[in-house]
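Using the numbering used here, read the sequence shown as starting at 24 and increasing by one per residue.
Hints may be right or wrong, so weigh each one.
[Claimed, not checked] Mimicking DSS-like on lysine-lysine, the simulated pairs with C-alpha atoms at most 27 Å apart in a straight line are:
no.	residue 1	residue 2
1	LYS96	LYS165
2	LYS125	LYS96
3	LYS152	LYS96
4	LYS125	LYS174
5	LYS165	LYS125
6	LYS125	LYS152
7	LYS174	LYS96
Derived from the structure by calculation, the hints contain no laboratory data.
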Amino acid sequence: MKIVKIAGHCFLSLVLAGAVVGVPAAVYLDVFGQGDEADAVSSASLKPVGQPSGVFYVLINETLHEDSLEDWKQFFRNDEDFPVIFDDIRCITAQGDENSTKLADRYRVQLPENQMHTRTENPVLLVSKIEQRQFDMAIISKELAEQLLLKDNIPHVTVVEITGGDSDEKA
24 MKIVKIAGHC
34 FLSLVLAGAV
44 VGVPAAVYLD
54 VFGQGDEADA
64 VSSASLKPVG
74 QPSGVFYVLI
84 NETLHEDSLE
94 DWKQFFRNDE
104 DFPVIFDDIR
114 CITAQGDENS
124 TKLADRYRVQ
134 LPENQMHTRT
144 ENPVLLVSKI
154 EQRQFDMAII
164 SKELAEQLLL
174 KDNIPHVTVV
184 EITGGDSDEK
194 A
């Protein structure tokens, strides 16, 4: 009779421990593979909005994107057949430069979810980071770049010029 009580107690303890640990683990660890998360090869989550008017510079730090630089240039030129890019990027725009922020958001929605993170930065600090190559990617309007006296030829920085629906590359 004592062995039956011990076995019953062990069985009840295992069932309760399984319920306490197993149910939350099954819910949060996505055991059954039915999560809503985007994976690395999922397509863009939203349709891109129209491109803002004006001339913009997309600056790419070449040292951080040696293997995928050509792919990123194709993407920013709006080529229809740009390859799948596996790099995650951080894109900075200037505070108060609303059209460049809209352009960055337009590019962000064309990529898989969470591949491109955008943030705004003080314009003077942004230009300083660009000139010191302390950035990943940046988008700045031509007018603001001229006002802040952004240098034309920064070593190891590729500039893609975006105009309306067209684009041109500068080295």
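These are the hints, each one checked on the structure:
1. Proximity of LYS96 to LYS165 is assessed by CA-CA distance (about 18 Å); at most 27 Å being required, the pair is judged to hold.
2. Using a Cα cut-off of 27 Å, the hinted pair LYS125 and LYS96 holds, with the two alpha carbons roughly 19 Å apart.
3. The hinted pair formed by LYS152 and LYS96 meets the criterion: a straight-line CA distance of about 21 Å does not exceed 27 Å.
4. In summary, the hint linking LYS125 to LYS174 is supported, as the alpha carbons are separated by about 24 Å, within the 27 Å threshold.
5. The hinted pair formed by LYS165 and LYS125 meets the criterion: a straight-line CA distance of about 15 Å does not exceed 27 Å.
6. For the given pair, LYS125 sits about 21 Å from LYS152 by alpha-carbon distance, which is consistent with the 27 Å threshold.
7. Straight-line distance between C-alpha atoms of LYS174 and LYS96 comes to about 20 Å, which keeps the hinted pair within the 27 Å bound.
Taken one by one, the earlier hints all hold for this structure without exception.
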